[in-house]
Amino acid sequence: MTTEAPTATPTKVKEDAQTTERVFVPRADIYENGSSIHVVAEMPGVPESAVDITLDKNLLTVRGTPARQELPGANLEAAEYREGSYERSFTLSNVIDRDGIEATMRDGILRLKMPKAHEARARKIEVKGL
Amino acid sequence: MWPTRSWFEEPVGGELRRLHEELDRALSGGVAGRVSREYPPVRVHRADDGDTVILTAELPGVSSDSLDVSVLDDTVTLTGAKPASDAFLTEDEREHTRCLRRECGQGDFSRSLRLPFRIDAEGVNASLKHGVLVLRLPKAEEEKARRIAVTA
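First to last, the protein sequences are chains A and B. Position 12 (the first sequence) corresponds to 12 in our numbering; numbering is contiguous. Position 124 (the second sequence) corresponds to 124 in our numbering; numbering is contiguous.
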């Protein structure tokens, strides 16, 4: 069976000096249509309650902390991925309606919907005959 | 005895592979390349008593409906499909949508892992939560070490 293996491992960007907690940049796909921009980001292990979204001027930052995987009495033997939290920032153009930003989390996938401000939407101009 | 390197058909260290991936990513300008590797990546744990292996795997976007776990003798196989990320948009949102950036992978996957013991298929427990699979694989009863009473 031939399989097209999807790649889903986040890239390590920085390591907090104080703790051993690692911070990864989550992989993201970005879509655009006439009315909104959508970001879909992979943050496996992160429950909806542990997503933090901040908007500082034009900088939208998403953070996610995975639920601790408690495996009492278990010793790690081999690891192909590392655990840690996620953080990524996006610079928004001023065409986004900031108040309308929506975020949902499902199966470890964050979905951000960012509606375009009304004046930025493509408008159909009617041509009227005289 | 607990073998330390016999978990995978290809016992290459994950760290090294990750380094290669990061290099790949850096060289391709941050665009996720089609790096050929086993999917999903796993972490392997052993219970203190040595009679259970706990596998965890990151499967973001994969629902329990689209994941199949099967066990045969000493091998566990994970088969499933990772949807394209636009599956997370509503039908309306998908219409007339163009993709500006694509980093997330998609497609069918199948991965088999061999354990150093026969698995008790009845005792397997699998849970998929927030895109992380936790799989408990107990050793088959007939393979467990037994304490033999020594009579005088």
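Since the hints were made in silico from the structure, they are not lab data. Computed from a predicted structure; not experimentally measured. Beta carbons are placed, not taken as given, at the ideal position from N, Cα and C, and that holds for glycine. Keep in mind that the hints are not guaranteed to be accurate.
[To be verified] If we take Cβ atoms under 10 Å as the criterion, some of the chain A residues that face chain B in the derived model are: (1) GLY73; (2) LEU76; (3) GLU77; (4) GLY108; (5) LYS113.
[Stated by the list, open to error] Straight-line alpha carbon distances no greater than 25 Å define the calculated SDA-like cross-link-like pairs of lysine to any residue that follow: (6) B:LYS144 <-> B:ASP65; (7) A:LYS57 <-> B:THR77; (8) A:LYS116 <-> B:ALA126; (9) B:LYS129 <-> A:GLU77.
- Query: Failing hints, ascending?
  - Reply: 6, 7 and 8
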